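Student: What follows is each chain in one-letter form.
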Amino acid sequence: MAPVLISALEADYILKGIDDNLRADGRGRLDYREVILETGLITQAHGSARCRLGEGTDVLVGVKVDIGTVDIDGTEEEVATVKAKRGRVVCNVECSPIASQQFAGRGADDINNELTQMMSRVLNGPQGGLNLEKLCIIPGKACWIVYIDALVLDYAGNIVDTMFMTTRAALFNTQVPKAIIHDLGDGEVEFDLSEDVEEWERIEGWEHVPISVTLNKIGSRHIVDATPLEELTTEAKLHVMVNRNGKICGIQKSGSGSIEHSLLSEMVQVHIFVI
Amino acid sequence: MCIITVLLILISLMDGRRANELRKIKCKPSVLSQADGSAYIEQGNTKCLAAVYGPRETRQKAQLIHNKANINVEISLAPFSMPQERKKRSKSDRRLLEIASAVKQTFEPIIMTNLFARSQIDIYLQILQFDGGTIQICINAATLALIDAGIPMQEYVCACSAGCHENHTLLDLNNAEEMADTPELTVALLPMSGKLTLLQMDSRLHVDKLEPVMNLAALGCKEIYQTLDETVREYVKDLFQKSSPY
Amino acid sequence: MFVRTQRDNFESKVVTPGQVITADTQYMRGHGTYLNEEESSHISSVAGVVERVNKLITVRPLHTRYTGNIGDLVIGRITEVTNKRWKVDINSRQDAVLLLSAINLPGGVQRRKTEADELQMRKFFAEGDLLAAEFQGSFNDGSTSLHTRNLKYGKLRNGSLIVVPPALVQRCKTHFHTLSCGVDVTLGLNGYIWVSKHSSKNLDELDPEAIYSNDNEPVDRSTRETIARVCNCINALSRHFMCITDTIIAYAYEASLKYPVKDLLKLEAMEFVTTEVRHKLSVVRSIY
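Chains R, V and E are the protein sequences, given in the same order.
The C-terminal position of the first sequence is numbered 275 in full-length UniProt numbering, with every residue numbered one higher than the one before it.
The C-terminal position of the second sequence is numbered 246 in full-length UniProt numbering, with every residue numbered one higher than the one before it.
The C-terminal position of the third sequence is numbered 288 in full-length UniProt numbering, with every residue numbered one higher than the one before it.
A few of these clues could be false.
[Stated by the list, open to error] Taking CB as the label site, the calculated pair distances span:
1. E/L267 x R/L5: 26 to 36 Å
2. R/L30 x V/K195: 53 to 63 Å
3. V/M179 x R/L5: 45 to 55 Å
Everything labelled a hint here was simulated from the structure, so no lab data went into it.
If you're wondering where the values come from, they're calculated on a predicted model, not measured in any experiment.
All C-beta atoms in this analysis are idealised placements derived from N, C-alpha and C, irrespective of residue type, glycine included.
Construct the entire structure; sequences and hints are all you get.
Tutor: See below:
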């Protein structure tokens with residue numbers, strides 16, 4: 001029932017409402033819907049969270065950690081030395097067809113890919129907040145790989161923001177087993193995993209994981225937390241990732257329209273207000 | 001002999017159930033906002049969401065059937081759903097496609113497709129957590145979602161698995177039990193008429209054992225039917241009370 | 001008295017698929033039921049409530065797509081423009097057909113359609129457009145048709161759409177209402193509801209050229225706020241699965257005035273509004 005079509009008259013009504021700072025559901029331009037967060041729902045994952053936005057959009061994130069080898073093949077030496085001391089984050093986003101008919105069959109491939117790339121880019125760099133060096137077990141050999149899998153279960157607009165919020169909550173909920181390193185001498189090192197759940201730790205730096213604020217440009221104005229109909233009216237979207245210190249960790253534009261430069265800086269200013 | 005039996009039950013059913021006991025079932029219809037019908041169901045640690053769209057206009061004209069509705073089933077498995085390591089499965093994974101076609105074949109004769117000529121009914125299943133019994137949970141979830149969508153069908157379809165371990169029949173196997181090379185038989189049953197609509201077995205089983213295992217699975221189906229039916233009745237009653245104007 | 005008890009036997013009873021409603025073969029089979037192989041008993045095919053009109057038994061599921069009845073007012077969205085016809089989504093098992101010959105053509109008086117009309121069908125209705133129409137009938141192959149040959153039907157303007165389960169909208173004498181708060185509500189029987197600015201124009205004075213125009217009238221802020229409030233009220237009623245009529249919307253509107261419009265999106269405000277409405281309904285019932 002999620003509309004894929006919108007009439008010119010509806011679009012016009014939405015546009016004028018936004019000019020008036022009164023949207024079709026009574027919200028102002030910068031009002032968010034109610035957010036309901038739950039954590040620790042999937043017992044088979046190391047961490048999980050579910051977030052619902054206005055009882056519509058529903059995202060479930062499961063985090064699993066796994067021991068992997070450090071991937072330094074084919075990189076330059078300088079990069080390799082840095083990489084050797086780090087763990088990795090692997091992201092994956094899937095929009096389930098149960099959320100919307102649009103995601104059935106191959107329909108979700110494009111959006112899955114776009115969202116996956118966006119999330120990996122944000123979480124794998126220094127701006128991602130996670131202390132990747134702490135995820136290293138034996139430099140150059142073994143490290144933790146954090147798999148973050150987001151699943152969109154229900155759709156009522158604004159997937160990106162919900163996804164980042166849920167991811168942050170899921171990382172907060174994640175407990176990584178403690179690795180105990182034994183030095184066997186001669187530079188040989190081995191490690192065991194602690195069985196004691198009490199010793200498991202959170203991933204350091206989860207509190208610096210950014211969240212995203214999506215601004216939808218409609219006419220000459222912009223709004224946050226758009227509904228599906230508003231998203232259909234949107235000319236261009238700007239996703240701004242910010243962390244708790246108010247630092248911008250990433251900006252990405254999507255959608256087919258263009259954004260004027262002046263409006264861009266105004267939009268970027270706005271997100272700080274929203275947080 | 002008695003001690004051996006007790007031990008066996010303890011070993012084989014690690015979650016502390018008796019050999020002929022189902023895992024705990026939790027279910028709830030109408031959980032999603034976009035779908036025409038939806039359901040969430042939990043059988044032990046296996047959790048599944050189902051959504052039904054339709055009957056609605058056929059979007060792809062090639063799939064149009066002129067005298068009945070076309071049923072389309074899609075199953076996806078969340079990457080974090082497996083108990084061991086993370087595994088990403090694409091939608092075209094063969095195992096999932098096979099289950100999807102089993103679900104489709106199960107429902108095709110039950111749904112009154114002749115009432116919806118030229119339309120399409122989509123059943124989407126999303127497994128959130130996996131602990132054995134994929135087919136059975138998919139069928140049970142789809143039944144509930146179809147009822148929630150108000151799609152006419154002859155009766156419920158309920159599925160259950162049963163197995164056999166060293167001469168003892170076991171009901172509703174979980175993943176650990178499935179892994180232990182137990183012969184497993186999944187049965188989908190129409191509880192009113194007692195007809196079978198799906199039968200699948202892996203591994204080998206002595207022919208003498210087939211009868212008791214099947215009977216046990218059928219009993220499990222009837223028990224699942226009771227649970228689903230109670231949920232549906234309560235739900236309909238509640239909606240009816242709420243919606244009556246005065 | 002005996003007849004009465006027999007009647008109550010299955011009427012208003014909750015049934016689920018596969019359940020036998022009655023073994024009495026004098027009844028006729030309606031929607032949501034089927035006869036078993038021996039044709040000896042009526043069996044329900046859906047989960048719902050049994051209804052009986054004379055000899056006809058039907059079972060009405062509460063959550064289902066819209067099934068058309070001739071003369072129903074529906075609201076639809078154009079999905080496709082094809083040769084001499086439009087396809088319209090009316091939340092039913094198939095898109096309905098609106099023939100070019102079933103609309104009022106601009107130019108005032110009823111006239112025949114011309115080739116020029118066929119070439120400019122998108123000028124009347126384009127993909128995505130919302131319209132109010134009357135359900136005209138269904139054909140053997142399951143397809144259904146609509147018409148808009150009345151000035152009260154046609155393109156929808158100056159407002160927004162709310163989607164609710166079709167079972168909540170009851171059949172009434174009229175489905176065009178003007179609420180006392182000054183907005184118009186069009187209750188489509190297919191569960192699509194249009195809330196818009198009150199149009200003061202008399203239907204006869206309406207400029208025939210303007211019926212297909214794509215311009216909204218200016219809507220001032222307070223009207224916009226009222227429209228949003230009514231939409232949120234309807235949404236709250238639908239979340240709590242309550243019947244939607246003009247009176248009930250008016251009750252909900254009154255109760256909602258305690259909250260600012262945007263707070264009506266919150267769960268506790270919705271809870272409050274619907275409880276108030278229920279209370280009011282029980283008071284009204286006790287008076288009569």
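Student: Hint by hint, say whether it matches the structure.
Tutor: Evaluated hints:
no.: 1; hint: E/L267 x R/L5: 26 to 36 Å; verdict: holds, 30 Å
no.: 2; hint: R/L30 x V/K195: 53 to 63 Å; verdict: holds, 59 Å
no.: 3; hint: V/M179 x R/L5: 45 to 55 Å; verdict: holds, 49 Å
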